[in-house]
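**Q** Sequence:
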Amino acid sequence: MSHFFSRIPHLALLLLLSLGVPVAAHAQSHFGGDMSYRRLQRDEAAKLLADFRNYRLPGDICLSFTITHVPRNSDKETKYHGTLWGSWQNQGPVFRVELTSADANTPAGAFILQSGPDAALWRQNGSKSERADANATQPICPGLIFTPFELQRPFSYWPDSHYVDVRRILGRPSHVFQMNAPEAFKKAHPEIGHVRLAFDRAYNLALTQAVICGTDGRETRKLEVSDIARVRTSPQDIYLPKELRLFDIASRDKDILSFTHVAYPLQLDRALFDPATVATPATPPGKALFTKLD
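Numbering (our numbering), first residue to last: 284 to 577.
Rather than coming from a laboratory, the hints here were simulated on the basis of the structure.
Just to be clear, a hint being listed does not mean it is correct.
Stated by the list, open to error - In silico EDC-like cross-links for lysine to aspartate or glutamate, where the CA-CA straight-line distance does not exceed 20 Å:
hint, residue 1, residue 2
1, K362, E502
2, K362, D401
3, K362, D536
4, K525, D401
5, K469, D443
6, K469, D401
7, K537, E502
8, K537, E507
9, K537, D443
10, K359, D386
11, K330, D443
12, K505, D448
13, K470, E502
14, K525, D577
15, K469, D499
16, K575, D520
17, K570, E381
18, K470, D448
19, K362, D334
20, K411, E381
21, K470, D443
22, K575, E526
23, K359, D531
24, K469, E502
25, K537, E360
26, K575, D510
27, K505, E474
28, K505, D531
29, K470, D416
30, K411, D557
31, K470, D401
32, K525, E507
33, K469, D416
34, K505, D536
35, K505, E526
36, K537, D510
37, K362, D520
38, K525, D510
39, K359, E474
Keep in mind that this is a model prediction, so the values were computed, not measured.
Starting from the given sequences, assemble the full structure and let the hints guide the process.
**A** So this is what it looks like as structure tokens:
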């Protein structure tokens with residue numbers, strides 16, 4: 284993991300947690316120095332978390348991707364293709380996801396996910412849109428591990444949170460925070476107790492790992508950035524996660540989410556994020572606007 288970040292000096296580092304939620308970072312740590320394992324002071328930790336929550340891209344984004352489920356004890360993989368549209372509203376990041384079965388080449392689901400302090404989920408139900416917050420921890424498609432919970436990342440905004448320490452994560456010094464689920468969320472989703480977030484120390488807003496834990500404190504799922512791609516844009520280059528991996532700790536199965544093409548910056552039609560439109564397939568930007576992620 285460390286070699287991905289070592290090749291990004293003095294440039295803006297763009298990382299999208301899970302399915303392309305736009306969270307970005309300025310390249311160099313403002314805490315500076317060679318104290319790789321220095322703990323943050325309380326005010327420094329509060330600023331890091333606040334900056335992460337409040338950052339917004341200066342434009343909208345659209346990405347093409349594939350999700351592949353890889354069972355540990357089987358050669359039979361399940362694959363879906365998808366498109367993600369991302370933007371920002373007053374409530375926070377918002378995005379639309381549409382998926383197609385790779386085998387049958389048929390629509391497999393559509394979602395509109397509102398992130399932020401008041402996360403909300405809408406999904407296609409036949410020809411209608413339905414509010415589906417109760418299904419936030421259920422797989423987005425049959426045979427996958429990924430759920431809307433990883434895509435929305437509501438845990439980023441949970442108010443009951445604290446700085447844990449600085450430790451080596453994926454080979455690099457990282458600042459770790461524990462985000463404790465609110466009581467209302469735990470009542471609706473009793474399988475989740477808290478989430479640990481790891482931020483690369485040199486690139487403070489670069490979220491490189493999210494570990495989901497049960498109410499007993501045991502790890503259940505782990506999301507990690509496993510590859511990064513460079514995209515040349517003006518006025519400066521950005522870096523996108525080319526591959527994300529979500530591990531199920533009990534089964535040791537995994538989902539591999541691979542971003543293949545990106546269109547950025549865009550100015551998307553606000554109707555794309557209207558929950559009433561989720562059952563109507565959206566049209567991605569023209570192919571000429573997309574860049575392949577190598």
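**Q** Now look at each hint and say whether the structure bears it out.
**A** Now for the hints, and whether the structure bears them out:
no.: 1; hint: K362 to E502; result: 25 Å, violated
no.: 2; hint: K362 to D401; result: 31 Å, violated
no.: 3; hint: K362 to D536; result: 14 Å, holds
no.: 4; hint: K525 to D401; result: 28 Å, violated
no.: 5; hint: K469 to D443; result: 13 Å, holds
no.: 6; hint: K469 to D401; result: 15 Å, holds
no.: 7; hint: K537 to E502; result: 14 Å, holds
no.: 8; hint: K537 to E507; result: 11 Å, holds
no.: 9; hint: K537 to D443; result: 29 Å, violated
no.: 10; hint: K359 to D386; result: 12 Å, holds
no.: 11; hint: K330 to D443; result: 15 Å, holds
no.: 12; hint: K505 to D448; result: 18 Å, holds
no.: 13; hint: K470 to E502; result: 19 Å, holds
no.: 14; hint: K525 to D577; result: 8 Å, holds
no.: 15; hint: K469 to D499; result: 12 Å, holds
no.: 16; hint: K575 to D520; result: 14 Å, holds
no.: 17; hint: K570 to E381; result: 17 Å, holds
no.: 18; hint: K470 to D448; result: 28 Å, violated
no.: 19; hint: K362 to D334; result: 35 Å, violated
no.: 20; hint: K411 to E381; result: 15 Å, holds
no.: 21; hint: K470 to D443; result: 16 Å, holds
no.: 22; hint: K575 to E526; result: 13 Å, holds
no.: 23; hint: K359 to D531; result: 17 Å, holds
no.: 24; hint: K469 to E502; result: 16 Å, holds
no.: 25; hint: K537 to E360; result: 10 Å, holds
no.: 26; hint: K575 to D510; result: 15 Å, holds
no.: 27; hint: K505 to E474; result: 15 Å, holds
no.: 28; hint: K505 to D531; result: 7 Å, holds
no.: 29; hint: K470 to D416; result: 13 Å, holds
no.: 30; hint: K411 to D557; result: 13 Å, holds
no.: 31; hint: K470 to D401; result: 16 Å, holds
no.: 32; hint: K525 to E507; result: 11 Å, holds
no.: 33; hint: K469 to D416; result: 13 Å, holds
no.: 34; hint: K505 to D536; result: 11 Å, holds
no.: 35; hint: K505 to E526; result: 14 Å, holds
no.: 36; hint: K537 to D510; result: 16 Å, holds
no.: 37; hint: K362 to D520; result: 31 Å, violated
no.: 38; hint: K525 to D510; result: 5 Å, holds
no.: 39; hint: K359 to E474; result: 28 Å, violated
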